[in-house]
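Residue numbers (the numbering used here), protein chains in the order written: chain A, 437 to 772; chain B, 437 to 772.
None of these hints come from the bench; they were simulated from the model.
Please read these numbers as outputs of a predicted model, since none were measured by experiment.
Treat the hints with care, since some could be wrong.
One copy or two, it doesn't matter: identical chains are merged, so the pair holds either way.
Under the rule of at most 27 Å between Cα atoms (straight-line distance), these lysine-lysine pairs were calculated in the DSS-like manner [claimed, not checked]:
(1) K674 <-> K769
(2) K537 <-> K461
(3) K769 <-> K584
(4) K731 <-> K674
(5) K701 <-> K750
(6) K769 <-> K634
(7) K584 <-> K762
(8) K701 <-> K769
(9) K701 <-> K762
Number of protein chains: 2
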Amino acid sequence: MRKVLVVGTGGLGSIVAFALSYTAKSYVAVVVRSDYEKVKNVGWEINSCDYGHIKGWKPDAIYPSIEEAAKNDKYDYVVVTTKNIPEVTKVEEIIEPVVTKGFTAIVLIQNGFDLGKPFLQKYPDNYCLSGVSYIGSSNHSGVINHTKDDDIIISYFNNKTFTKEQQREKCKEFVDLYKNDCNKARFEDDVKVCRYGKLLWNATYNTICALTRLDTGRLELSGTFEALAVPAMRELIKVARADGVEFPPDIINTTSHICGDLYYKPSMLLDVERGNPMELEIILGNVLKVSQELKVETPILNVLYHLLKGIQFKILEDCGLVEVPKVRPDLNKFYS
Amino acid sequence: MRKVLVVGTGGLGSIVAFALSYTAKSYVAVVVRSDYEKVKNVGWEINSCDYGHIKGWKPDAIYPSIEEAAKNDKYDYVVVTTKNIPEVTKVEEIIEPVVTKGFTAIVLIQNGFDLGKPFLQKYPDNYCLSGVSYIGSSNHSGVINHTKDDDIIISYFNNKTFTKEQQREKCKEFVDLYKNDCNKARFEDDVKVCRYGKLLWNATYNTICALTRLDTGRLELSGTFEALAVPAMRELIKVARADGVEFPPDIINTTSHICGDLYYKPSMLLDVERGNPMELEIILGNVLKVSQELKVETPILNVLYHLLKGIQFKILEDCGLVEVPKVRPDLNKFYS
Numbered sequence: 437m438r439k440v441l442v443v444g445t446g447g448l449g450s451i452v453a454f455a456l457s458y459t460a461k462s463y464v465a466v467v468v469r470s471d472y473e474k475v476k477n478v479g480w481e482i483n484s485c486d487y488g489h490i491k492g493w494k495p496d497a498i499y500p501s502i503e504e505a506a507k508n509d510k511y512d513y514v515v516v517t518t519k520n521i522p523e524v525t526k527v528e529e530i531i532e533p534v535v536t537k538g539f540t541a542i543v544l545i546q547n548g549f550d551l552g553k554p555f556l557q558k559y560p561d562n563y564c565l566s567g568v569s570y571i572g573s574s575n576h577s578g579v580i581n582h583t584k585d586d587d588i589i590i591s592y593f594n595n596k597t598f599t600k601e602q603q604r605e606k607c608k609e610f611v612d613l614y615k616n617d618c619n620k621a622r623f624e625d626d627v628k629v630c631r632y633g634k635l636l637w638n639a640t641y642n643t644i645c646a647l648t649r650l651d652t653g654r655l656e657l658s659g660t661f662e663a664l665a666v667p668a669m670r671e672l673i674k675v676a677r678a679d680g681v682e683f684p685p686d687i688i689n690t691t692s693h694i695c696g697d698l699y700y701k702p703s704m705l706l707d708v709e710r711g712n713p714m715e716l717e718i719i720l721g722n723v724l725k726v727s728q729e730l731k732v733e734t735p736i737l738n739v740l741y742h743l744l745k746g747i748q749f750k751i752l753e754d755c756g757l758v759e760v761p762k763v764r765p766d767l768n769k770f771y772s
Numbered sequence: 437m438r439k440v441l442v443v444g445t446g447g448l449g450s451i452v453a454f455a456l457s458y459t460a461k462s463y464v465a466v467v468v469r470s471d472y473e474k475v476k477n478v479g480w481e482i483n484s485c486d487y488g489h490i491k492g493w494k495p496d497a498i499y500p501s502i503e504e505a506a507k508n509d510k511y512d513y514v515v516v517t518t519k520n521i522p523e524v525t526k527v528e529e530i531i532e533p534v535v536t537k538g539f540t541a542i543v544l545i546q547n548g549f550d551l552g553k554p555f556l557q558k559y560p561d562n563y564c565l566s567g568v569s570y571i572g573s574s575n576h577s578g579v580i581n582h583t584k585d586d587d588i589i590i591s592y593f594n595n596k597t598f599t600k601e602q603q604r605e606k607c608k609e610f611v612d613l614y615k616n617d618c619n620k621a622r623f624e625d626d627v628k629v630c631r632y633g634k635l636l637w638n639a640t641y642n643t644i645c646a647l648t649r650l651d652t653g654r655l656e657l658s659g660t661f662e663a664l665a666v667p668a669m670r671e672l673i674k675v676a677r678a679d680g681v682e683f684p685p686d687i688i689n690t691t692s693h694i695c696g697d698l699y700y701k702p703s704m705l706l707d708v709e710r711g712n713p714m715e716l717e718i719i720l721g722n723v724l725k726v727s728q729e730l731k732v733e734t735p736i737l738n739v740l741y742h743l744l745k746g747i748q749f750k751i752l753e754d755c756g757l758v759e760v761p762k763v764r765p766d767l768n769k770f771y772s
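In isolation and in its complexed conformation, chain A is listed as follows (with noise of 0.2 Å):
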């Protein structure tokens, strides 16, 4: 039987974890963090729009760190889903401890885009997979909010030591072990079209209704949705097509009705409000840094990306992760 970790136990990873236990093909263990000790205890309370309400839940096992799940077993697969955001924690050199050279497959269901990359440098002889997941779930102190269904999209950042055929094959094991009768998870060949498709509107919807501080339903009322997330969509189709990727002719309408009637907040912006970093360089920096390659000009997305550096540096000044001399410092710089 497989052996699969999952790091990363919040709204996402708790659910993740529990797919994987309900199709009952693999051993599932899990990292907790902050609510070790209640999970360990009395196991996970879950309220889920695709598997009812379940109280008690435990899989089969719990650690309370990376190195205590590194120490009890050896895993063929680690799933990582926690945050992604490089400027605070590393995740490549986070799970060192339980990535077995050419064993374990690492699958980041996770936001964001080309963040295979530095893991792929670091395990150049493991596989990498990609989960793109659009669900909708939030993690209470150990209890389990899942509104939205568990439709995932599961596939692979290339990796030259396999070849496609090796890396495909691992995606499906993968979507083999986790699908079931509740959820939607699904097998995609081409990363590229699963990661522009929902940076689609991550890059835009995201990012605005962080620096506006508005939710969808009223970005949409105050004007500023038409007058730069759509043509900030445009800039990202335009980044995609040179990157090899077409999306559909309607994607922009398509993508402006995702949240429906609600006056819905993105991650970004909860991020904001509670003072969190937020996921911005997987989010928005990484695909700037292929529009540059593919010279493809993203002026409105690069205003975005600078403004949202600047209220960034302030979360991670006030979280003390940066630091601010009390005498402003001349940086001696001639601006022209």
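Start from chain A and add chain B according to the hints.
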């Protein structure tokens, strides 16, 4: 003796009234709203870098409203020192009772650009003067903290009813009433030169600090100043050039070092922090209309403007000035 009415007695307006009184060349009346009872009874307390410490100061007349001021006198000058937020208040309408056709000169000592337009339209038979002030002063319930020189440039918004010479004379008369041994009031013929000069700071620092919630020092330390504010200044310099105003070649560097070693919070940032509407239209909206007319591209300033419009929308909603439907309406828009 000339009669002057000062409308708006915040940090700026109270020092303006005091400067006029100090010179003793005019009769000075003021309209005071929130602090009326206090100022009527005990006067202002002023801690001034120019005038020292003064307690219990009162001008010649104190009125609780424009209407009361209108009942009691006819004014040679109506000096407006209020904030200028057309989405909330049309200043040109508010002052109507105290403007005598063909007699009263209006003096707008306010932030921003192209703010004379609605006054010239509504009062074609009256002079409309411009005051660009570089003062630092704040009002805390009738106690004025005046920390930075009363440095003010008087000019005129060109009214074709009068000759340039007539308008110059009017400006010079007002400077004569205002200038004293403690302040730096002066006349400048070209209103655009003064307005663009202050705008270069306001349309870039002020807007970007409001969006990032960073003070001027952190804006520089975060890198966002160099990445965004400097190129935004370049855009504004191009607009000014197309509009006939040439800045000195080192203007960006000079403007960048205005705040010296301060971690300074500009007014729009303070407004955002306090939930007060921002002077967005006159600081940024008006100059963007000019850039469109002159066909000068301002991609960064456009993005800043639309993001701030979004923030303003929420501020106006929180102030009860915009209503958002409980159920998110379908705007029936097709975005392409």
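Verification of the hints:
1. K674 <-> K769: Cα proximity of K674 and K769: across copies only (23 Å, versus 35 Å in one copy).
2. K537 <-> K461: within (23 Å within a copy, 87 Å between copies)
3. K769 <-> K584: between (50 Å within a copy, 25 Å between copies)
4. K731 <-> K674: Answer is both; intra-copy 10 Å and inter-copy 25 Å each pass.
5. K701 <-> K750: both (21 Å within a copy, 14 Å between copies)
6. K769 <-> K634: Result: close only across copies, 22 Å inter versus 39 Å intra.
7. K584 <-> K762: between (47 Å within a copy, 22 Å between copies)
8. K701 <-> K769: between (39 Å within a copy, 21 Å between copies)
9. K701 <-> K762: between (35 Å within a copy, 15 Å between copies)
Hint check: no violations occur; every hint is consistent with the structure.
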